[in-house]
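In the order they appear, the protein sequences are chains F and E. For the first sequence, counting from 1, position 254 maps to 258 in my numbering; every step adds exactly one. For the second sequence, counting from 1, position 49 maps to 1272 in my numbering; every step adds exactly one.
Treat the hints with care, as some may be off.
[As the list claims (entries may be wrong)] The calculated SDA-like cross-link candidates involving lysine to any residue, where the alpha carbons are at most 20 Å apart (straight line), are:
id: 1; chain 1: E; residue 1: K1375; chain 2: F; residue 2: R36
id: 2; chain 1: E; residue 1: K1375; chain 2: F; residue 2: S100
id: 3; chain 1: E; residue 1: K1375; chain 2: F; residue 2: E41
id: 4; chain 1: E; residue 1: K1451; chain 2: F; residue 2: H93
No wet-lab data here; the hints were simulated from the structure. Only a predicted model underlies this, so the values are computations on that prediction, with no experimental measurement involved.
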Amino acid sequence: MANTLQAQLVGLSQRIYKEWIAKTVLVQSCDRSFEGEFNLERNEIDIPVYHDLSVHKTTLKERELKPAPLEFMKSSTIRVTVDKARYSHWGHLKISTIVERLSQEDSETRKKLINKWARDAEDELALWVAGLPRRQEIDLSALLADQTKNPNGLLTPDNIVLALDILKAKIIEKNMEVADFRLFTSERFRSIARDAKILTGANLDANEPFRKGFVDIINGIKIYEHECAAITTRSTDTGLVTEETAIWKSTDGIQYVVPYKNTIAYDIPPTEVLMGAKGYQTVEYYDFFNLYPTRLYKVKIKYVASS
Amino acid sequence: MEKKEKVDSSISEYFKDLLDDIELDEETEVEAEEETEEETAVEDDGESDDLEEESEEEKRRREEEQRRKNKNAEEARKRREREAKEKKKAQDKSEEQRNELGRQLVDFKKKYPDIDLAALDNDKRFARFVEGKLLGKKDFTQLYEEYVDFVKEIGGTTGIDVQKEHMLKERSSSGSSRSSGGYVSGDTDVYSERDLEKIAARIPFMTEREVMQVLPKFEKSIEFYKNKK
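Start from the sequences, fold in the hints, and give me the full structure.
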């Protein structure tokens, strides 16, 4: 077959995507589903929306008399324009070399790429959440502030349960399910929970430990640890986190779509390479959306500066 | 006696003329001959001049009758020919439609070799969907693809789920290279070269779920063709 190498590159692009996604915490927690085929000309894709199912009420007698209303779930997807892309050039001009380097089980080249892409995607998403408007912010440092005991509203082992209760209450007051939400924090939050002796590990369910970042279920809330330095402030002395923007979200709080993944050839002009040549780059088109503002919050947390 | 001889000669002349007429008109019918004989019998007692005039008139009448009959026969023949032509045209059209549908089904089978046409035929929803649309502006493959999209749209299922309902239940267990245009992988098969190229072009656009379904067989197929070289 003439295009075996090209077909291999297609498969490798999918493998790269799967591997870098598995290395993320935030991106992996998003709803990544989409429907139909990405329109490369218009950069459009349909993504599912979940809250448009109507509840019809009737009495049993009335229902006997009237047939059930016919309802097509046309609005169960929404068309969005994808506006972001990431790509990496491969420094080889021979497709066989690239395939060989990438397809080995323990390929260092592939490992480097997936680590970089995972970190970059996590940071980008975290920074975007940190920039959400104030109506999607829960400022725990303000809510935990006590003029006499804790004027700066720091999160301590004494008030960590109260902090989690506040987060739950914000969800319950909007008639949503707490079980749908997860809290993504830095490693400092885990330290505080450990110091409060409430981090037991006894609540692990069968699946969660295998997902990257999962810590425990504390006070009924699933806690995940992210590694995004971009949304934390650290002490210059100890390196410990002193402030952070945690993320309190449901799966559909962020819809993260990657509708196109490929490794493609591009022309290199003779000015760059003698006689000109073909170069290769792995490309992904992606974007993320917050369709339900009430299902995504940034949480401001402050910690004691030094222990 | 003289009178009797005269009558005899008149009669013989009449028969002579009559025989001449018969020789001239080869197409004279038996019926006409019988009439003539009857008339002759009657005329035996009549005058010979009258007989001659009547014979001329009768002859014209018969000719007229013959022309009318010929005309009717001609019209009937034309009508039969027209009807046969129309019937043949209808048969040709029906044959053409059958051939066209056959051609569309062959194309469909090429694109979706794993779809069982019998299962599709038994699908009442599909039958309702294509009712009145077959051999229209869209071919069978387009109608099937529209149906899959439609069911997906209203039912919330994926296109693959819909196709699975129509998949061939039995697969070749020989492990031979068998063409498969569908996106469901089998453990013993590899994709044909043509399908492999098509799927390679589609994979960059697939959802994670779709990719998971084709990737094992896809990679196996690549290995197969690499080793075949």
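Consistency of the hints with the structure:
1. K1375/E x R36/F: Holds - the C-alpha atoms of R36/F and K1375/E are around 19 Å apart, at most 20 Å.
2. K1375/E x S100/F: Distance of about 40 Å is beyond 20 Å: violated.
3. K1375/E x E41/F: holds (14 Å)
4. K1451/E x H93/F: violated (31 Å)
Against the hints set out earlier in the document, violations occur for numbers 2 and 4.
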